[in-house]
Amino acid sequence: MDLQKFLQMGGYAAFVWPAYGLTALVLLWNWWAARRSEVDAQTAARRRNAIAQENRS
Amino acid sequence: MSWTWFHKLASPPHAYRILGRMAPWFGWAALALILLATWWGLVKAPADYQQGDGFRILYVHAPSAWMSMFTYVVMAVAAGVGLIWRIKLAHGAAAACAPIGASFTFLALATGSIWGKPMWGTWWVWDARLTSELLLLFLYLGYMALRASFDDPQRADRASAVLALVGVINVPIIHYSVEWWSTLHQPASVTKFDKPSIEIAMLIPLFIMIAGFQLYFGWAISRRLRGEILRRERNAKWLEEAA
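Chains W and F are the protein sequences, given in the same order.
Using the working numbering, the letters of the first sequence correspond one by one to residues 1 to 57.
Using the working numbering, the letters of the second sequence correspond one by one to residues 1001 to 1243.
Hints listed in this document are in silico derivations from the structure and should not be mistaken for laboratory results.
There could be a bad hint or two in this list.
Said to hold, decoys possible - Cross-link-like lysine-lysine pairs, in silico, DSS-like; alpha carbons within 25 Å at most:
hint: 1; chain 1: F; residue 1: K1088; chain 2: F; residue 2: K1237
hint: 2; chain 1: W; residue 1: K5; chain 2: F; residue 2: K1044
hint: 3; chain 1: F; residue 1: K1117; chain 2: W; residue 2: K5
To be verified - A short, non-exhaustive set of chain F residues, derived as facing chain W with CB atoms under 7 Å:
hint: 4; residue: S1103
hint: 5; residue: I1114
hint: 6; residue: R1231
Remember, predicted model here, so these are calculated numbers, not experimental data.
We put the CB at the ideal spot given by N, CA and C, even for glycine.
Only chain F is shown next, with the shape it has when bound in the complex (with noise of 0.2 Å):
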């Protein structure tokens, strides 16, 4: 199999010009499916039987959670990529991901923590979900806190790379959480190998929701890449015709 594909997509210039193709689809099609979810799950999805109208809060919570644990993934995939094959695109992607990553998570937390208060009749608690979430934020911080620390990238990159590998360890204690131990939070009602505990009707914006997020993502982390791989090809001839 060749593999020339690959590093031609992986070379700065196919990617930049390929990011900066892809990103106005991403996000006119993110904008629409935010728009519609929003409006179906506010005004179309019927109330909850336990939790009235409150449950609303529904779709911006989960779809914030899941993507503050899909960018880690992809950013610790992209730093592994990096660290192992030496591509500082990848690097770049992993940096690209953080602050994106670390929004979705601080995000998860606040729509949490303002769904919980009427529903738990606490903003927060020390169980094992929330804490595990709280350290997925740290994470998040901590490692763009290393890039930061270091004035030559290719350090940042390596160092930063192994923080992001090691806390992946955190992503399935996250999930399991509410299974692994005895936790306020409840169960999952969606990702699970049966079929969901969800009515339908309240599971079609759900679904809308996190489509949409995923292509917020994918318009964040192209804007963002973009950017990385201008500062990374410092003296590369193809810049003058990029910028």
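The shape of chain W in the complex, shown without the other chains (with noise of 0.2 Å):
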């Protein structure tokens, strides 16, 4: 396969690179914001355990 053809898309290099660049940053970032929420209150949830153990010693 010859790269250079593959990179100019047929001349929609300026619009299909854009949107599947965008696709995989928009995928990323839900990667990175649902993993962040979950540990967020896993975080908590230990704090929350944490003083609870501590008040009923």
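Since each chain comes alone in its own frame, lean on the hints to assemble the complex.
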């Protein structure tokens, strides 16, 4: 396969690549945001547990 | 019929564990399918006779648009279940859907706009399809803003569930907008009852990408719902083991 030709996308490079790039960005953002939302909740729950344990002792 | 399986499934500790076990499978399968579909769509699929290689935007645009509506329906159903049967887990699932759906909607609008420029000669037009999809984005954003405006999670659940349910009317409007009104956007070529008007060689990567996006949604909702469960189960005993 001719790489140069592939990158030119038949003259639509200026549209095809930004569309795919943006998709990759949004999927990556979502991945990061979902993971962070979970980890934040876990950290908060652990903190609450620690406080509860301290109060008990 | 016994409903114990349902109650077990809907119990937060059980759901938390199951979701944690499923998420990696969803994630890796999604990654594999999305990469495969990207290669297939960019390299292997033949160029369109009219749009040349420009049509390849289809493989990111149509799955995003599909997911934007699919996620909304999941969100509305979850909100409805939460409202009717007062299941906290269902409200949590609805809340977890919103940011995922909003990002797919943004993606559908943005890639559509990028595709519109070379093919229609304009980034944007206020036709029924584009306008109703933009409304979908505002519904997601409104839903999230409404949730954020309550301090009490139970009131946030109930108020936002009503909004989610009212907004679901927009989903069939988006889908049929290209039939009901004269739009610049083309009519459906895959989701219709007679056979799709796309060549099979172009259709395969599209279906793989849609499957990849669905699995990706499965991964994201699992992660976010686990977070929602922890946030809702403030003082539950099992939290100590879970976290």
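These are the hints, each one checked on the structure:
1. Restraint check for K1088 of chain F and K1237 of chain F: the C-alpha separation of about 17 Å stays at or below 25 Å, so the hint holds.
2. Between K5 of chain W and K1044 of chain F the alpha-carbon distance is near 14 Å, which keeps this suggested pair within the 25 Å criterion.
3. Restraint check for K1117 of chain F and K5 of chain W: satisfied, since their Cα atoms lie roughly 22 Å apart, inside the 25 Å limit.
4. Interface hint status for S1103 of chain F: upheld, as the beta-carbon distance to the closest one in chain W is roughly 5 Å, under 7 Å.
5. Annotation: I1114 of chain F was flagged as interfacial toward chain W, and the flag holds, the nearest CB pair being 5 Å apart, inside 7 Å.
6. Interface restraint check: R1231 of chain F against chain W, minimum CB-CB distance 5 Å, threshold 7 Å, status holds.
In summary, the structure agrees with every hint in the numbered list given earlier.
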